Amino acid sequence: MDDQKLIAKCNSGNRLAQRQLYERYAGRLFAVCLRYLQREDAEDALANAWVKIFRSLSKFRGDSSLSTWMTRIAVNECLMMLRGKNTFFEQVSETHDINNAILDDDGSDEQQLLQFIAELPVGFRTVFNLYAIEGYTHKEIATMLNISEGTSKSQLSRARNILKKKVEQNIFNYER
Amino acid sequence: MNDKHLDDFIRQRVSNAEITPPPSVWEKVEASQQPSRRPYLYAAAAVVALLMALPLFLRQESPYYEPRETVMTPIEDRKEQSPFADIIDEMNDAEQQTTVQSQMKQYAATMQNNHNFADKAQSAMTYLDSLDVAAQRKRALRDIDLMAVDLIEQKVKRLEMEAISEDLWHTPEQIAMEQPSAKNIIPTIRKVFHPDYYVTVDLENISKVRLPTRSSTEKQLIN
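Protein sequence lines, in the order shown, are assigned to chains A and B.
For the record, in the first sequence the residue sitting at position 151 is 133 according to this note's numbering, with numbers rising by one throughout.
Add 25 to the 1-based position in the second sequence for this note's numbering, that's all there is to it.
Incorrect hints may have been included.
As the list claims (entries may be wrong) - Beyond 10 Å from chain B on every Cβ pair, some chain A residues (computed):
#1 M(-17)
#2 Q20
#3 K67
#4 Y118
#5 G132
#6 R142
To be verified - In silico DSS-like pairs for lysine-lysine, Cα to Cα no more than 30 Å straight-line:
#7 K29/B / K147/A
#8 K135/A / K53/B
#9 K53/B / K(-9)/A
#10 K53/B / K67/A
Quick caveat, the hints were computed from the structure, so don't treat them as lab data.
Remember, it's a predicted structure, so these values are computed and weren't measured experimentally.
All residues carry an ideal CB built from backbone N, CA and C; glycine is no exception.
Please take these sequences and the hints and turn them into a complete structure.
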């Protein structure tokens, strides 16, 4: 069953279709949430995101792909949770609030990279995710996080430096 | 590795990553999809609160509420004094009829101008016989009753005054001679209460009329 039919059934209140839609996209959205939040918070954010998805699914017009639309909702939910914790605006250091060992390290590049991102300080992690993976501009990020564009750029720069070292050492096996 | 290369490398591998969430996430989502029972709970709580408050409300003394037994309307007050109380009580409390009321007022005015007790009473009975409806009869009886009581009181007072002035107590026979037709007027008049005296009257047997007793000291003082 394609997404459109599934959406139509979900909108008519079909619980089975909702479950099918959840199973189809929950893994991807959970990976998104884990890039922003620690596991426990990521689970809450994911649940909240799915509630909003089901409530506003009838408003989905298909301007973007369903996956992109749902990812945006999940990201917004993660940002809301970060704002609620009021940790996002704190001055961060490279060792502050590291999301340790949240992933199952199966040795794949994907898992290793997710682990590297999760280990970044919250500010670095959030800006890097929004800019490098979600594709937002510094201006948009500054507005979303209520910070200056300069702060966004500096946070991104620091995040890249950390990630570059880890990628070169652990994935490309560069010896310094 | 430059910045753009790093970003592309990470994005390509991470953007489509999937990590299976624990079952508890779906349980939360499913629970939030259930229709809320909160409105029903609020409604049930409100009903229970009302039921609990109702006895308290009824127990309170309201200035607008009096137990039925304590209500004293002028009509009922008069009824207690009425010699026709028993007769009236036996009748149904039919609704008052304006027509009858006006007729009775007219009739009462006529009777007040009539100085002949027997004629008044006879007229009253005639009028009563013309009334068919029980409610009308009841009202007529009550009004005639009140008028009769008034007339009897006047009669007793007059007799009393005569007795005092002439130092002569009327015998029942004398009273019967004065009002020979009275016994045919009103079926029964049992008792008449007055703040100053008490008299038992039975117009069917008028010989039983008794005047208030006075002590010999009182008679002497009057004389």
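Decide, holds or violated, for the assertion that all CB atoms of chain B are farther than 10 Å from the CB of Y118/A. holds (13 Å)
So is R142/A really clear of chain B, every C-beta pair being over 10 Å apart? R142/A is in fact no farther than 10 Å from some Cβ atom of chain B, at 6 Å.
Mind checking the alpha carbons of K53/B and K(-9)/A for me, to see if they're no more than 30 Å apart? Roughly 21 Å separates the two Cα atoms, so the pair holds.
Claimed clearance of chain B by Q20/A, with the beta carbon kept past 10 Å: At roughly 13 Å from the nearest Cβ of chain B, Q20/A sits farther out than 10 Å, so the non-interface label holds.
Non-interface claim for M(-17)/A versus chain B (Cβ beyond 10 Å): holds (19 Å)
Is the straight-line distance between the alpha-carbon of K135/A and that of K53/B 30 Å or less? violated (37 Å)
30 Å limit on alpha-carbon distance, applied to hinted pair K53/B and K67/A: Answer holds: K53/B to K67/A is near 21 Å, not above 30 Å.
Check the non-interface label on G132/A: least C-beta distance to chain B beyond 10 Å or not. holds (17 Å)
Are the Cα positions of K29/B and K147/A separated by 30 Å at most? holds (15 Å)
Taking C-beta pairs only, is K67/A more than 10 Å away from all of chain B? holds (19 Å)
Checked against the numbered hints given earlier, this structure breaks hints 6, 8; the rest are met.
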